[in-house]
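**Q** The lines below spell out each chain.
2 protein chains.
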Amino acid sequence: MLVNGIPGSSISIRDRGLLYGDGVFRTLRAAQGKALHWPLHYLKLKHDCTALGISCPDEALLCAELDQVLLQHPDGVVKLIVTRGAGARGYTPSVDILPTRIWDFSPLPDYPPEWATQGIKARICSLRLPAQPRLACVKHLNRLENVLAAAELDAQSHDSRLAEGLLLDAGGHLIEGIRSNLFLVSQGRLATPDLSRCGVAGIQRGRVMAWALQHGITLQVRDIGLEEALQADELFIVNSVIGLWPIRELEQRQWSSFPVAMRIRLGLEQQDV
Amino acid sequence: MLVNGIPGSSISIRDRGLLYGDGVFRTLRAAQGKALHWPLHYLKLKHDCTALGISCPDEALLCAELDQVLLQHPDGVVKLIVTRGAGARGYTPSVDILPTRIWDFSPLPDYPPEWATQGIKARICSLRLPAQPRLACVKHLNRLENVLAAAELDAQSHDSRLAEGLLLDAGGHLIEGIRSNLFLVSQGRLATPDLSRCGVAGIQRGRVMAWALQHGITLQVRDIGLEEALQADELFIVNSVIGLWPIRELEQRQWSSFPVAMRIRLGLEQQDV
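Here the protein sequences come in this chain order: L and C.
Position one of the first sequence corresponds to residue 1 (the working numbering), numbered consecutively onward.
Position one of the second sequence corresponds to residue 1 (the working numbering), numbered consecutively onward.
Pulled out of the complex, with its shape left as it was, chain L reads as follows (with noise of 0.2 Å):
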């Protein structure tokens, strides 16, 4: 764990990203001391800090940070945090603050690896995100409503099938799952949410989008109703941890084979060695 680029594992109280999640956050597999896709991660964290009005530090810098995790932790789970920084009382940040680096390391979770290849089940959470298109995209440190999602889930966990809950907006349409981005394949094509109000932009989804460009696949971003998605020929998810999990079940649908999805599964793999 390194702040500010030094070993250690707290910050001050007086941090905005405590006190008000003022901040962004990345979430990175390492393999054999390698980040995946650091490039796009660092784009993103960029475009990130850019729509809070935080300066985003030096690639150069958080490079140099990342490669003292990797020789610690090769291999897992690399959480990179930026906040606004620390500073006076109020919401008002000042100008001269310098934000703050925080880099984590955990394990690659235990996942069982049938998820990845016979499909997860998902439900609908009751929770709606509401529309905040100043905040849209973003990934930052405002995640209660992921939090509260997350909890409606686990008080189903005597279904240990259930890995993850998907958001609808308020008004109905699918945007994202609790920790990832969601795509619908219909006919041969793919559709997957418009962002333009809320959810977060990942860079797994992103990945997606260039792997259906390159491969001559229609992709559409557009708003999509549960009913649609429910009738769609397949439905999958994806996360930087996670890769890509197919949906085998949702709500009363049930889906078997997934082509599609695990084409695109193979695609990105390939590309993340």
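Derived from the structure by calculation, the hints contain no laboratory data.
Hints may contain errors.
[Said to hold, decoys possible] With a straight-line Cα cutoff of 30 Å, these simulated BS3-like cross-link-like pairs (lysine-lysine) come out:
| no. | chain 1 | residue 1 | chain 2 | residue 2 |
| --- | --- | --- | --- | --- |
| 1 | C | 79 | L | 139 |
| 2 | C | 46 | C | 79 |
| 3 | L | 139 | C | 34 |
| 4 | L | 79 | L | 139 |
| 5 | L | 79 | L | 46 |
| 6 | L | 34 | L | 79 |
| 7 | C | 46 | L | 46 |
| 8 | L | 121 | L | 139 |
| 9 | C | 46 | C | 121 |
| 10 | L | 79 | C | 34 |
| 11 | C | 34 | C | 79 |
| 12 | L | 79 | L | 121 |
[Stated by the list, open to error] Over the 12 Å line for every Cβ pair with chain L, so calculated as not near, a few chain C residues:
| no. | residue |
| --- | --- |
| 13 | 10 |
| 14 | 32 |
| 15 | 33 |
| 16 | 59 |
| 17 | 63 |
| 18 | 103 |
| 19 | 154 |
| 20 | 186 |
| 21 | 195 |
| 22 | 209 |
| 23 | 225 |
| 24 | 227 |
[Stated by the list, open to error] Derived CB-CB ranges, DEER-like:
| no. | chain 1 | residue 1 | chain 2 | residue 2 | range |
| --- | --- | --- | --- | --- | --- |
| 25 | C | 112 | L | 98 | 29 to 35 Å |
| 26 | L | 172 | C | 256 | 45 to 51 Å |
| 27 | L | 32 | C | 172 | 53 to 59 Å |
| 28 | C | 271 | L | 228 | 22 to 28 Å |
| 29 | C | 162 | L | 270 | 53 to 59 Å |
Heads up, the beta-carbon is just placed ideally off N, CA and C, and yes, glycines get one too.
Based on the hints, put chain C in the right spot on chain L.
**A** Then chain C, alone, in the frame of chain L:
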């Protein structure tokens, strides 16, 4: 500064308060070694913890810690943060997690004294608050919207008289100030925005409501549009640090006397001693 009863100014980078804004807070006035309206603050803390499913620390424990803080800092602003605690990776809160208790102190801000008697200038922020009934009323640590609204206001800081920004919801109803609750006086009656969809219900708001009840003044909690507010006889904002400030300028409208607001301010101040 105290963290879990021990003098200190740092918390774990794995505390969910930092990771997800998974916690709540209170801002109290301390005067002559006494925390004003502590019983109301504790009730609100307990309510807010319950709303998030955080187990609220015992009042006796918090009182003992507060006494330690007040012994060193008898006058100023005391901040209490309670987070869900530090735990394993992932949004799902574990059942056996212990909440983190954080106390901090800062001097009373140096506001111009005439703001309390002659009123402040306020403006409408362009950021809109979306409806999230699951978090409405709760003073939680997801405060990025307040930060962005404060930054908007700060961009106009050439105007040193500008003291507060007012926030509308997506439907154009007035909800609150960035750091305050709002009241309107019209024909001797009080009204304050309905906060069942968004906003923070502060304890000073509750005190004004109780005062109105005690003094036979009609008070309505309901939707208030901007047009109605601009036509009101008086507008004022309240919070635990500022007390009560009338608004003397908002958009094109100006006010020069605030008889009801002044009466309430004096009433509240008499309860402070």
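**Q** Now tell me, hint by hint, if it's right for this structure.
**A** Here is what the structure says about each hint:
1. C/79 / L/139: The hint holds at about 27 Å.
2. C/46 / C/79: The hint holds at about 15 Å.
3. L/139 / C/34: violated, 41 Å
4. L/79 / L/139: Within the cut-off at roughly 12 Å; holds.
5. L/79 / L/46: Roughly 15 Å separates the two Cα atoms, so the pair holds.
6. L/34 / L/79: With Cα atoms ~14 Å apart, residue 34 of chain L and residue 79 of chain L stay inside 30 Å; holds.
7. C/46 / L/46: violated, 38 Å
8. L/121 / L/139: Holds - the C-alpha atoms of residue 139 of chain L and residue 121 of chain L are around 25 Å apart, at most 30 Å.
9. C/46 / C/121: With a Cα-Cα distance of about 34 Å, the restraint between residue 46 of chain C and residue 121 of chain C is violated, given a limit of 30 Å.
10. L/79 / C/34: Distance ~42 Å between residue 79 of chain L and residue 34 of chain C Cα, so the pair is violated.
11. C/34 / C/79: holds, 14 Å
12. L/79 / L/121: Holds, because 26 Å separates the two Cα atoms, which is no more than 30 Å.
13. 10: violated, 4 Å
14. 32: Answer for residue 32 of chain C: holds, closest chain L Cβ roughly 21 Å.
15. 33: With a cut-off of 12 Å, residue 33 of chain C remains clear of chain L, as the shortest Cβ separation is near 21 Å.
16. 59: It holds; residue 59 of chain C is separated from chain L by about 22 Å at its closest Cβ, greater than 12 Å.
17. 63: holds, 20 Å
18. 103: Violated, because the least Cβ-Cβ distance between residue 103 of chain C and chain L comes to about 9 Å, which does not exceed 12 Å.
19. 154: violated, 5 Å
20. 186: Nearest chain L Cβ is 29 Å from residue 186 of chain C, so the label holds.
21. 195: holds, 15 Å
22. 209: Its Cβ never comes within 12 Å of chain L, the nearest being 25 Å, so this holds.
23. 225: Consistent with the label, residue 225 of chain C stays out of reach of chain L, its closest Cβ about 20 Å off (over 12 Å).
24. 227: holds, 23 Å
25. C/112 / L/98: 29 to 35 Å: Holds, at about 30 Å.
26. L/172 / C/256: 45 to 51 Å: holds, 49 Å
27. L/32 / C/172: 53 to 59 Å: Hint holds: Cβ distance 55 Å, inside 53 to 59 Å.
28. C/271 / L/228: 22 to 28 Å: violated, 57 Å
29. C/162 / L/270: 53 to 59 Å: Distance hint for residue 162 of chain C, residue 270 of chain L holds at roughly 56 Å.
The structure is inconsistent with the numbered hints 3, 7, 9, 10, 13, 18, 19, 28, although it conforms to all the rest.
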